[in-house]
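Engineer: Chain by chain, the residues run as shown.
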Amino acid sequence: MNAADTGWILTATALVLLMTLPGLALFYAGLVQSKNILSVLMQCIAVACAASLIWFAVGYTLAFDEGNGWIGGTSKLFLAGIDRNSVSGTLPESLFAMFQMTFAIITPALMIGAFVERIKFGAVIMICSLWLVVVYAPVTHWVWGGGWLAERGIIDFAGGIVVHVTAGVSALVIAVMLGARKGFPEKITPPHAPWMVMVGASLLWVGWFGFNAGSAVAADQNAAMAMIATHLSAATASLVWLAIEKFRFGKPSLVGLVTGTIAGLATVTPASGTVGPLGGVLLGLAGGLVCYLAVEVIKMRMRIDDSLDVLAVHGVGGATGTLLLPFLATIGYGGTGLAEGVTIGNQFLTQLIGVAVVAFWSALATIIIVLVTKSMIGLRVTNDEEVEGLDFTYHGETGYRQ
Amino acid sequence: MNAADTGWILTATALVLLMTLPGLALFYAGLVQSKNILSVLMQCIAVACAASLIWFAVGYTLAFDEGNGWIGGTSKLFLAGIDRNSVSGTLPESLFAMFQMTFAIITPALMIGAFVERIKFGAVIMICSLWLVVVYAPVTHWVWGGGWLAERGIIDFAGGIVVHVTAGVSALVIAVMLGARKGFPEKITPPHAPWMVMVGASLLWVGWFGFNAGSAVAADQNAAMAMIATHLSAATASLVWLAIEKFRFGKPSLVGLVTGTIAGLATVTPASGTVGPLGGVLLGLAGGLVCYLAVEVIKMRMRIDDSLDVLAVHGVGGATGTLLLPFLATIGYGGTGLAEGVTIGNQFLTQLIGVAVVAFWSALATIIIVLVTKSMIGLRVTNDEEVEGLDFTYHGETGYRQ
Amino acid sequence: MNAADTGWILTATALVLLMTLPGLALFYAGLVQSKNILSVLMQCIAVACAASLIWFAVGYTLAFDEGNGWIGGTSKLFLAGIDRNSVSGTLPESLFAMFQMTFAIITPALMIGAFVERIKFGAVIMICSLWLVVVYAPVTHWVWGGGWLAERGIIDFAGGIVVHVTAGVSALVIAVMLGARKGFPEKITPPHAPWMVMVGASLLWVGWFGFNAGSAVAADQNAAMAMIATHLSAATASLVWLAIEKFRFGKPSLVGLVTGTIAGLATVTPASGTVGPLGGVLLGLAGGLVCYLAVEVIKMRMRIDDSLDVLAVHGVGGATGTLLLPFLATIGYGGTGLAEGVTIGNQFLTQLIGVAVVAFWSALATIIIVLVTKSMIGLRVTNDEEVEGLDFTYHGETGYRQ
Amino acid sequence: MKMIVAIIQPHRLDNVREALSDIGVAGLTVTEVKGYGRQKGHTEIYRGAEYQIQYIPKLKLEIATDDKTAEQAVVAIRAAAGQNKIGDGKIFVFNLEDAIRIRTGESGDEAL
Amino acid sequence: MKMIVAIIQPHRLDNVREALSDIGVAGLTVTEVKGYGRQKGHTEIYRGAEYQIQYIPKLKLEIATDDKTAEQAVVAIRAAAGQNKIGDGKIFVFNLEDAIRIRTGESGDEAL
Amino acid sequence: MKMIVAIIQPHRLDNVREALSDIGVAGLTVTEVKGYGRQKGHTEIYRGAEYQIQYIPKLKLEIATDDKTAEQAVVAIRAAAGQNKIGDGKIFVFNLEDAIRIRTGESGDEAL
Ligand SMILES: Nc1ncnc2c1ncn2[C@@H]1O[C@H](COP(=O)(O)OP(=O)(O)O)[C@@H](O)[C@H]1O
Ligand SMILES: Nc1ncnc2c1ncn2[C@@H]1O[C@H](COP(=O)(O)OP(=O)(O)O)[C@@H](O)[C@H]1O
Ligand SMILES: Nc1ncnc2c1ncn2[C@@H]1O[C@H](COP(=O)(O)OP(=O)(O)O)[C@@H](O)[C@H]1O
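Residue numbers (numbering that gives the first Met the number 0), protein chains in the order written: chain A, 0 to 401; chain B, 0 to 401; chain C, 0 to 401; chain D, 0 to 111; chain E, 0 to 111; chain F, 0 to 111.
Simulated from the structure, these hints should not be mistaken for lab results. Careful: at least some of the hints might be erroneous.
Straight-line C-alpha distance at most 30 Å; calculated DSBU-like pairs for lysine-lysine [what the hints assert, rightly or not]: (1) A:181 x B:250; (2) D:39 x B:181; (3) D:39 x B:245; (4) F:33 x C:186; (5) A:373 x A:181; (6) A:245 x C:373; (7) F:84 x C:181; (8) A:250 x C:186.
Just need the whole structure built from these sequences, with the hints factored in.
Structural biologist: Right under this line is the structure:
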């Protein structure tokens with residue numbers, strides 16, 4: 000066990016929890032109508048709690064216990080066998096399990112953005128809970144738990160595939176199956192609190208240092224390089240979004256800029272262990288552009304009410320970074336290059352297979368999960384409930400009383 | 000001196016400060032009426048500042064300087080003698096004193112929840128300042144400073160007794176002596192900003208990692224185990240509260256869930272160095288249930304206006320964890336068990352004595368402090384001031400001007 | 000490379016980013032009118048993004064690459080040559096560059112407070128970008144990059160001169176050249192959200208631990224001493240401000256107290272590596288008093304609309320700490336004393352020269368930058384835009400929609 | 000001229016506005032108000048304690064019309080706002096002595 | 000019918016409402032307003048600078064009643080809202096031509 | 000007596016208030032309202048999607064005056080609020096049957 004690494008990952012764990020609570024919760028809550036602010040905060044924190052217990056009970060073992068190429072073993076159900084002497088790499092295994100738990104918290108929480116303002120609270124909990132077991136745990140095993148994609152040499156440093164592609168694709172599926180918000184797209188009301196969106200995005204940015212630099216699971220140069228690449232990608236994508244809005248509409252918006260921030264962060268995530276500073280900047284450029292277009296296509300053209308653009312920003316960003324990584328591994332200084340004897344072509348193919356198969360599995364499994372949930376407790380609130388707002392109808396509370 | 004431990008405790012110190020500023024401040028401010036939001040924030044930060052200077056001047060030496068079983072010595076008044084080479088365990092002593100200072104900040108600040116919306120600002124400062132010297136410093140010495148309870152082998156890893164029992168009991172005493180808010184209980188108005196309560200709770204949760212895992216004063220497996228136990232207790236208690244509200248009222252509320260979060264965190268605090276993950280879950284279960292009942296009993300049955308439930312959530316939670324700890328030390332994996340040759344019975348007795356004596360002393364001393372304060376500057380604002388709100392009447396400001 | 004130091008600076012970097020995003024942004028946004036809240040948040044985050052890329056491209060090399068006494072070299076443009084093995088002291092150089100980047104982010108962002116509510120968005124970006132290259136990078140080289148002031152033995156541990164004097168002086172210059180807000184001083188409206196100001200100040204306080212204790216670039220006793228001195232200065236200055244308002248107006252305000260907090264933090268910054276706890280308290284006393292007077296003089300007497308008191312709080316605070324430091328280096332315990340054979344007089348002279356020359360250069364360069372910006376894109380919004388508010392006129396958004 | 004003041008359920012606003020434009024009423028002024036009446040307010044529960052919310056959010060619409068349009072307007076509002084639930088609201092009709100358009104100074108019916 | 004409009008101090012609301020129900024007035028509509036009048040607004044001080052807050056938060060109550068109840072209502076409001084301080088507020092009485100209950104279509108006194 | 004109700008652009012408030020005090024009108028009540036009329040609301044764009052904001056923030060001023068002051072008041076308001084832009088707003092004049100000062104019980108013109 001290495002104390003320095005342990006100290007840094009204890010910190011990184013706190014930072015990743017900060018991403019969801021309250022970072023992501025505020026980011027999403029500011030984007031909805033004021034009559035639904037509490038429902039979004041509630042969905043985020045309730046999912047975080049449920050995910051924690053599920054990860055403790057079955058998630059960790061299915062993801063990280065030795066098993067076959069497709070799924071982990073069951074010897075660590077309820078973290079069985081993990082005592083004060085168990086280690087994982089240079090960390091106490093309890094810490095590794097805890098660090099990974101914060102990833103298992105934010106990933107399903109990310110999906111919430113796709114179905115806010117119209118979904119039953121119970122459905123959110125059920126869908127996210129099943130999803131964690133059926134989609135997140137196995138995919139984590141494939142990529143980080145020594146599964147078949149790991150075997151194939153896929154590179155996903157901090158979760159472009161594991162976190163962003165899974166959540167993004169599944170979110171879209173749920174949004175489609177649930178249906179759009181009343182009045183979408185013409186009569187949707189704008190974000191009720193852009194300032195809150197910015198605060199959430201800022202906390203996500205800060206917390207993402209724990210997410211990406213923490214994924215080095217060590218306090219070393221790889222963590223350092225991941226942090227600077229992450230930061231530069233976020234800054235670049237933010238400015239890309241600002242520039243696009245400036246030229247298209249004349250007025251760059253705060254909500255736009257911070258959406259770019261998140262796009263940049265999602266895009267650099269899988270590559271943050273592979274690229275250097277320049278690579279980070281280039282990923283930010285690509286992520287900013289691609290995600291902006293993706294929002295257009297999905298919301299405007301395809302008219303799908305992925306309400307807070309989970310697929311367009313997270314899924315597409317994560318996939319973009321995953322696929323560009325082979326080309327950027329050797330750009331500029333600070334990159335790691337690819338493994339001995341692996342060509343850019345090979346690596347790209349591996350990455351592509353990873354994205355495709357994971358996207359496919361996420362979609363398929365989510366369809367089943369949603370159908371099951373629908374048949375058991377239903378998905379959508381009534382028209383009146385949607386009109387009155389979920390804060391009062393589902394939680395009996397009022398968001399603002401000034 | 001160990002650099003890795005030092006790095007982690009520097010971090011933990013920042014996290015514990017974050018718990019109070021702005022965590023606890025927001026948690027409390029969101030629960031009051033909008034006309035009192037600033038007064039609550041002001042009380043929290045002013046108490047934090049006063050506590051810092053008092054800890055520097057007399058608190059640290061009375062708590063941690065060698066003395067007798069009841070009180071520490073005075074050789075470290077104004078941190079005398081602490082220079083750049085002084086160490087405490089594997090840490091620079093200046094860091095240990097600073098880390099402990101953040102505990103001395105949050106403990107009196109916790110009490111504020113009991114007397115909001117009706118107490119004079121001056122009385123808050125005076126009561127909390129005296130309390131820090133008369134209650135907190137000695138009790139800290141008893142438990143953590145080598146005092147009589149330490150001698151007796153009491154286990155209070157991060158402050159179930161030192162922080163939560165002292166603050167909870169004293170808070171109730173102050174609430175009773177001050178009297179209820181105008182119109183309590185029928186005409187009290189609901190929390191003005193549940194979203195703010197959730198943000199505060201989230202920051203408390205994140206900061207609590209520094210509080211509990213930091214109490215290992217090392218970057219090691221004990222810190223790691225404390226973090227995961229803490230997290231699981233918080234998640235479990237949150238869901239317990241959610242479930243209770245769902246079954247009793249049909250609508251689970253955000254304020255309810257996050258109240259459960261804090262109950263779970265307070266409950267696991269004393270035991271977080273002793274139990275493993277499963278112990279954390281069980282403590283969360285117990286804490287969630289017991290604290291929920293305590294709120295009922297104190298507010299509904301006894302009709303005491305401990306306005307934000309400081310005793311019910313913190314005091315009762317801390318005591319519950321302290322008393323259950325002997326039974327959970329060996330449950331599941333990752334627990335430490337009890338000291339060589341100590342039976343569960345012995346340990347429980349010790350824990351019980353600790354809780355009882357500390358509760359008694361906290362109550363007694365607080366009564367005197369309040370009487371002194373009342374005679375010198377008075378306790379309660381006038382009826383008109385209470386109606387107009389403390390933000391303007393005591394601080395000359397307006398909370399919201401949109 | 001030392002892993003423990005690396006772990007702490009990774010953390011400190013996250014904390015310093017937290018200072019700007021969202022700390023400073025909220026601190027400033029709460030002080031303006033609600034119709035300008037988004038414009039302030041936008042200016043802060045857009046400047047943060049621009050500064051990051053500029054630091055990556057030219058800032059770091061001009062500040063820290065070997066050069067002459069006045070400016071650094073150009074061998075590290077775009078962080079050229081920094082790979083995974085490059086070290087700086089005991090840290091990976093990529094981390095040192097990243098840590099310093101967060102300083103390069105907050106310094107220009109500090110200036111925003113001087114010209115809010117009336118400046119063109121484009122002008123903010125242009126001025127801050129040029130300023131970073133022409134003022135911040137060279138001055139950083141002078142003091143921290145081995146330049147002429149370093150040679151002369153100046154002491155500026157965490158940026159009293161580099162950060163606060165540069166930003167404060169330049170901010171005032173910009174405010175003067177831009178002109179006051181419409182109706183200043185009689186008809187200015189009070190802060191629209193004091194609660195938000197307090198939240199921002201709290202996050203600044205927490206983040207400042209990374210700023211000052213991080214400036215030890217090690218997890219050691221110097222970091223620890225810096226943290227406690229920093230904290231005590233903040234607490235003291237807060238109470239000084241509270242006391243002044245209590246005696247002058249009868250009502251201590253929240254905005255006042257937290258302004259004292261920031262004054263105390265700015266004042267201790269340059270000295271936080273030199274003094275001990277008592278020195279921190281004394282600096283807080285001095286900083287609280289001097290900055291309070293400075294606000295009076297600049298706003299009331301000189302009637303300059305440095306809107307959020309950047310010079311009075313940051314510039315004056317930083318200068319005060321820089322000049323007092325020689326006298327406090329040996330007060331109480333925990334101070335470092337001055338270098339072998341350096342008298343208080345010599346050191347004071349060096350500090351004075353540093354403050355004076357940096358202030359002069361900041362003013363001169365800023366005048367030119369502002370003139371250039373004015374001639375190219377103009378500085379001030381139209382009267383109608385100012386009346387309608389910058390949120391909608393420049394960013395097309397509405398801050399609150401409840 | 001008449002000033003029609005309607006207290007309605009917030010979510011009926013768009014309905015009502017469309018109904019009014021159909022009969023050629025171009026302008027109106029909306030105010031967020033709280034209503035107290037037959038409709039019992041809801042209760043909210045925090046930490047087990049019940050809070051009775053007696054004042055219910057409503058919207059108040061003020062519509063100035065000429066005399067003949069007034070009656071149609073009342074009918075239109077009723078049709079568009081009514082859900083035949085307690086709390087649907089009320090319509091009040093006042094005599095409006097004069098109306099002036101600030102921009103042009105037109106007064107009387109032309110000002111509407 | 001009459002429409003009684005009362006501008007009162009916010010914290011007198013409950014008093015007034017109770018006084019009104021005592022005389023059988025069931026409904027009313029409340030609006031948050033800002034008042035300017037004899038009562039000088041307070042000053043707030045931020046960082047040593049004084050800010051004059053001229054507009055004072057008040058509540059505006061609108062109560063529709065039949066003609067005979069109107070007078071009692073005015074008396075009741077005065078009694079319940081008055082503290083004999085500047086800023087207590089004012090009561091305005093208008094003629095109300097018609098009132099319609101949206102739900103039922105009842106009009107005139109039955110609608111109240 | 001008359002009750003003058005003016006819907007104006009928010010930023011014209013101070014102008015109007017000064018103009019009114021010049022003609023000796025001491026008091027008024029201000030309400031934040033949203034207006035719908037000839038003036039097209041602005042659009043806001045979030046993530047590329049356009050949102051049409053149809054209801055425009057306005058201020059509603061209520062000024063009770065005696066009959067003779069009323070006309071001056073209308074003129075004064077027009078002059079002070081007008082910028083000759085669509086959306087400048089409107090002025091409505093009602094007959095005010097009675098006014099009572101809560102504090103003193105004075106009624107009629109003395110109450111103003
Ligand atoms: N006498 C009244 N004067 C003024 N406003 C009233 C009066 N009675 C009702 N209202 C308003 O009308 C709204 C609806 O009235 P309510 O009695 O709740 O339902 P309904 O009119 O459908 O029976 C109330 O919320 C209140 O705002
Ligand atoms: N002429 C007026 N027209 C409309 N509202 C008025 C008028 N005069 C006063 N008010 C309202 O009545 C409130 C109380 O009036 P004020 O003159 O302050 O106290 P008082 O009526 O007790 O002398 C004011 O805040 C304002 O809202
Ligand atoms: N018929 C009406 N009844 C009530 N209020 C109206 C009416 N017409 C306009 N208003 C109010 O007057 C404001 C300005 O009117 P508008 O038509 O936009 O500009 P203008 O009167 O200058 O042509 C509107 O925002 C609305 O609040």
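Engineer: Against this structure, judge whether each hint is valid.
Structural biologist: Now for the hints, and whether the structure bears them out:
1. A:181 x B:250: holds (23 Å)
2. D:39 x B:181: At roughly 24 Å apart (the allowed maximum being 30 Å), residue 181 of chain B and residue 39 of chain D satisfy the hint.
3. D:39 x B:245: Cα-Cα ~23 Å, so holds.
4. F:33 x C:186: This hinted pair holds, its Cα atoms lying about 25 Å apart.
5. A:373 x A:181: Between residue 373 of chain A and residue 181 of chain A the Cα gap is close to 19 Å, so the pair holds against 30 Å.
6. A:245 x C:373: holds (20 Å)
7. F:84 x C:181: Holds, at about 22 Å.
8. A:250 x C:186: holds (29 Å)
Of the numbered hints listed earlier, not one is contradicted by the structure.
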